[in-house]
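Combine both chains into one complex, guided by the hints.
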Amino acid sequence: MSVCEWLSDRMPPVALGQAEWTPDEIHHLNECGSCRREWELVQLASRLGKDARLTLDPAAIAARVLRRLDQEREHGRVRRRSWGFAGVAAAAALVAAIWIGGLQGGASKAQPVNTAVAGRLTIPLPELDSLEPAELDSVLQTMDEPLVSGSTADDPALGDLNNDELQRVLDSWEG
Amino acid sequence: MPGFARPDSRTDPDLVAAYRNGDERAAAELVRRHAAALGRFLYSLGADRDDLDDLVQEALFRAFRRVDSWRGGASFRSWLLTIGSNLLRDQVRKRKGQMVSIEGRDIPDRADPAADLAAGEAEDRVREGLALLPRLQREVFLLRAQEGSDYAEIAAVLGTTPGAARVHYHHAVKRLKELIR
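Here the protein sequences come in this chain order: A and B. Under the numbering used here, think of the first position of the first sequence as 16, with each following residue one higher. Under the numbering used here, think of the first position of the second sequence as 60, with each following residue one higher.
Isolated chain B, as found in the complex (with noise of 0.2 angstroms):
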């Protein structure tokens, strides 16, 4: 089984082409690189903790089976993260819970009790806020506050304008700003 022993110089791109022609080692590395950012992105959007595992897990392996539909048009992690986003709501539905419910779970556990406590509640408060924006606005939001992609990227993966992609966006933070107040 691959291993993680070596960090890959190679781009991303390259690793995805070297995974169509049955490098399994290329695949690996893609998930190394991946991963904690994927599951980052889903619990910031309301996924239970408890579930991360097997979220990261299905994502990376829709992304694979159908890798071939990836045409580099947007950064392979911003076409991973929406695979998984699309992933969550399914789950969401099916379930028909509410994305919006984390209270009561996911506190984390932190050397300073006080300190920590205002910062878990800052960021539950953040999650509770992301779960009562509409969809394509916590989603441009997640992008570029937390993986940095600009609007073009965002509207690529997205399916939108950047221009409507910018508009999300400042819409996302107006409404966080009166939420988390």
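Pulled out of the complex, with its shape left as it was, chain A reads as follows (with noise of 0.2 angstroms):
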């Protein structure tokens, strides 16, 4: 290491006056422009700033910078809180539809013979509660009717037979 090197390693210490210059290290500034050049630019940035006059009060700033972190850890508190009610709702809904659930599943389970009146009982046929209660009725009738009537194209009404047919089907009857 040339001795520039070793000076330029000790200017900052000997400028913030954590050490200070020896004899041969004051006698290589006066000889050394660089070195020198150096040592004021060092010595001029270690002051930088201490002759400005900043105002800066260090109990105001302490006295802020604490205000927002609590601020910050109340607000952390706040938001905490709020997702734990949240949570808690969540799972009380959850438990209440599980719980429902179970009470439906429960009924079905424990009359079983009876669900399909139940079920017939309690669908809702929102489309007849329109109806006049003649219409009623007339829909009601067709229901009562049997899909399949006893006259079909092949099978002629009674009153289509003649005396000679009417009395083999009335024999036939009674034995």
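Rather than coming from a laboratory, the hints here were simulated on the basis of the structure. What you are looking at is a predicted structure, and each value in this text was computed from that prediction instead of being measured. Zero decoy hints are in this set.
Examples of chain B residues toward chain A, derived with CB under 10 angstroms:
1. 86
2. 90
3. 98
4. 116
5. 182
6. 186
Every residue, glycine too, gets a C-beta built ideally from N, C-alpha and C.
Okay, structure coming up:
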């Protein structure tokens, strides 16, 4: 390491008052223009801002910083609490849904024989609600009628038979 | 609110540990110890004097908020200064301004106008020169010249090696000597 490099490393502590020049170093500084310029630079840099009236009030800054940290902690607590409530509410809703589902499932298991009847009775038919009583009767009559009537195109009514045919039919019924 | 009546003899790591355990007076003491140095460092990096109070406050707030990430590898102050430096860089980026432009501002009032004007001009030239340096050179130079940090500590806070920090410092010195001649 050259003397210039050695001095360069020594400059910051000396400029900050943490060390002192030795006589040899002072001698070198007086002889070496490059080191002298560097020494001036380091001295300036070490003082930079010291003379400028930096109006910082550490007590006020500390108070503001601590207040902000408190506020942030409080916000964090509120946020966590909100999430906690939301979690509890969601869990409660889930439990309630499972419980209601279980109740309905339990009821259907307890009365298996009546399920079909109960189902039929409870099935809402909103399209029937708007019907007048007469219309409703008519609908109910059609529902009561057998899907396949006794009379078909291939099964002529008794009125269509002539006397001989009618007699034969009646004979067959009487055995 | 915590005051500053009595100097606290605890070390920075002790104070940080105490703050982690909820001692707000420890945080106040850390602010008392380091706020001025942080202000000077930010001013040297080119921060506007009018912004210093807010910048120092914000840097300290961020530091305490993530104080758990300070492992003690570098000093608390060096760690704090790099937080301030990052903050200033973000601010400059947001403003799309230039850290170089310090003309026409921050000339201090002094008792001896002639002598102090010369000193003020020299100081401004250094600040202007610093603003022209690459970021690592600027920060290494200031941590070394203003804080007396050694290269190992500078390397720890800036995420580089001691050898690289030394090279950055000497490059900074060389360029600054040319710039402020």
